[in-house]
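Given chain H, put chain Z in place with the hints provided.
Which chain is which? The protein sequence lines are H and Z, in order. With our numbering applied, the first sequence closes on residue 204, and no number is skipped along the way. With our numbering applied, the second sequence closes on residue 408, and no number is skipped along the way.
Where hints are given, some of them may not hold.
As the list claims (entries may be wrong) - Straight-line C-alpha distance at most 30 Å; calculated DSS-like pairs for lysine-lysine:
#, chain 1, residue 1, chain 2, residue 2
1, H, Lys187, Z, Lys244
2, Z, Lys333, H, Lys129
3, H, Lys91, Z, Lys407
Hints were generated in silico from the structure; no laboratory data involved. Predicted model, so just to flag it, every value in this text is computed and none were measured.
Single-letter residue listing:
2 protein chains.
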Amino acid sequence: MLKILETRTAPNPRRVRIFMAEKGLEVAYEDLDLMKGALKTPEFTQLNPFQRVPVLILKDGTAISETMAICRYAEEVQPAPPLFGSGARGKALTEMWNRRMEMGLLLSVAQAFRHLHPAMAHLEVPQVKDWGEANKPRALEILSIMDAELATRPYIAGQDFSVADITALVAVDFMKVARIRRPEDLKNLDRWHKDVSSRPSAKA
Amino acid sequence: MLKILETRTAPNPRRVRIFMAEKGLEVAYEDLDLMKGALKTPEFTQLNPFQRVPVLILKDGTAISETMAICRYAEEVQPAPPLFGSGARGKALTEMWNRRMEMGLLLSVAQAFRHLHPAMAHLEVPQVKDWGEANKPRALEILSIMDAELATRPYIAGQDFSVADITALVAVDFMKVARIRRPEDLKNLDRWHKDVSSRPSAKA
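Just chain H, same shape as in the assembly (with noise of 0.2 Å):
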């Protein structure tokens, strides 16, 4: 069984936990608390020098760290479902999509939350606001080109799901804690967002 050291509460901890339920993927989960700074601890430093969650914890002891490793391996251990692509052209597309999902929209929602919530102060320092502020209005523009796409496809990448749609799931979900209010004339976002909530995987 593989082991996963997360944050139960953090964006990046969700999208590994959403991808091992779609791959059927069994995982023992530890919960360390990053906002009591149980990652800056001698011990997690050592494991991963970044202070981030989440860390796969190999058999052999190797710890690997950022979301998008983790969720690679488990595509090489478990390739059924695909949720990078298929082909070059396809893992091409989904890659795009996916950073687009992240770089994009993620990590303005992230931002956003980390640079203006009274929470976040003594983690993200210093924090400044205006650009916590500029972030907003950024994400807001992803979710209109998200919704002019997805009057074409089903789901953010093409016609399968993929672990696009794990990004913009969590990404558009950490908008409420992000207090960024989604617009309500969005419906093709509305419609995948309804479809994409509604998978078993949503929950995990």
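Chain Z only, in chain H's frame:
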């Protein structure tokens, strides 16, 4: 032959050029001047609604954006030498280190550049100077972690040159443009930088 739209001086297109050179793939590059608004035109926006270079154009007309999506396409059509690692563990470790170099180092350097350099004022709106400054110590902190890691192995992700070295090289070189001085006492980082800079691909 692959066709790629890029901006010659920007860091992400350089990552792609180095990757393609390492693969020995011939590419027709077309230079678009992002500083002069070439990525904001309706024609380019149709190719990439996120208005970024590089963009790979496939024979069937499909436009693949995002540096890592383009590199993964190249890895699929030309697997040797493997630049994303080999085996589940090797691929995961390579992805982990490439992500750390991207989301940690390259993003910090790029944010410092975008939010502090006068030439970027018309593209990064609003420029948030405090955020630009906050990224400089982050970049330096990551260089220290790299220096410690590079005491134990020749390349960023392990025994072999990989995409993580490409990302790190481009990020370190871009520090000059972003006006972040590289500390002189990081000897392992220096050794690595000389080594990867001497590869023919570094000039691509």
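Violated hints, by number in ascending order, as checked against the structure
none
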